[in-house]
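Participant: Sequence:
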Amino acid sequence: MRGAESQHIDGAWTGATPSMATTPRSGAAGDSGTGRPKMLIMDVCGAYMRPLGGWFAIAKIVHLMNELGVDEAATRSALLRMRRKGLLEPENRPGARGLRLTGQALAALEDTDRRIFGPRHPAYLGDGWILVSFSVPEDQRSKRHVLRSQLSWLGFGNLSNGLWMAPRRMRDELEKTVEQLGFQQYVLMFEAQYTGFAELSSLVSEAWGLTELTTLYAEFVDWCAPVTERWKDVRHPSGAQVFIDYTLALYHWRKFPYLDPGLPKDLLPDDWVGHRAAELFFDLRNRLEPGAVEYVRRTCAT
0 MRGAESQHID GAWTGATPSM ATTPRSGAAG DSGTGRPKML IMDVCGAYMR PLGGWFAIAK
60 IVHLMNELGV DEAATRSALL RMRRKGLLEP ENRPGARGLR LTGQALAALE DTDRRIFGPR
120 HPAYLGDGWI LVSFSVPEDQ RSKRHVLRSQ LSWLGFGNLS NGLWMAPRRM RDELEKTVEQ
180 LGFQQYVLMF EAQYTGFAEL SSLVSEAWGL TELTTLYAEF VDWCAPVTER WKDVRHPSGA
240 QVFIDYTLAL YHWRKFPYLD PGLPKDLLPD DWVGHRAAEL FFDLRNRLEP GAVEYVRRTC
300 AT
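Sequential numbering from 0 applies to the sequence shown in numbering that gives the first Met the number 0.
Take the hints with a grain of salt, since some may be wrong.
Listed below are the simulated DSS-like cross-link pairs for lysine-lysine, each with C-alpha atoms no more than 27 Å apart in a straight line [stated by the list, open to error]:
hint : residue 1 : residue 2
1    : Lys59     : Lys84
2    : Lys84     : Lys142
3    : Lys142    : Lys175
4    : Lys231    : Lys84
5    : Lys37     : Lys142
6    : Lys37     : Lys59
7    : Lys175    : Lys231
Calculated from the structure, these hints are not laboratory results.
Nothing here was measured: the structure is a model prediction, and the numbers come from that model.
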């Protein structure tokens, strides 16, 4: 673990999501082109490099990224940044210069997988909430930013300056994060039930930015429509297009489990678009992931 002044490494991994700059709710809808190469490389490393042995030749990474529309210069620059962050390390093999996922990166990816591929069951309203308050001295305000960023990535909603909330089931992840950062002295944690006075659904809508989140989910559903149509009647999808479609689906999806902690259904609209978005993503994953992995395996073996 590097110092408490920086986010822990799984934050560096999960933080690389499209549409979001510093924290999940700080960016606008759409694709931030400057970060796209790094984001896509992270998806390629997590979805393919890891299950295929944890090592790829650099030339093969460049080839795969070119399939995704990223040029060689941007790819090599992003790889260099990932090495500096401790996510990749050089390992050369006969006839090939390559990169391997570090132990820290592998551990972070396991945590990330549990979040982005885990069950999407809504929390039970009767379980209550976890409330977090923190106070950081002014001369250590960088830690304040780290705490805000981490709470946002954990799926907490911001009630007011220095006060955050999430479904109570997020307690274990919160404790783990605070301990990893070494920030126990700054954080107060409470379990609570809401008793008034504002409508809880309105409070939740504002704290989690549900209007913006609805827009993001709707954009994802719109993006999925032609992809789903392309593969709906194909029994065994294969080839470069499967790799492209699955990687981009993962790229666009992975922010949502961090923006949406699975809020109680009692507090969401009856036609909550998040349910449809999750259904589409997991259907695409079931259809396309095997063929995408096989395409990368064959590409990297030649």
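Participant: Could you tell me which of the numbered hints above are not met by this structure, giving the numbers in increasing order?
Facilitator: 4, 7
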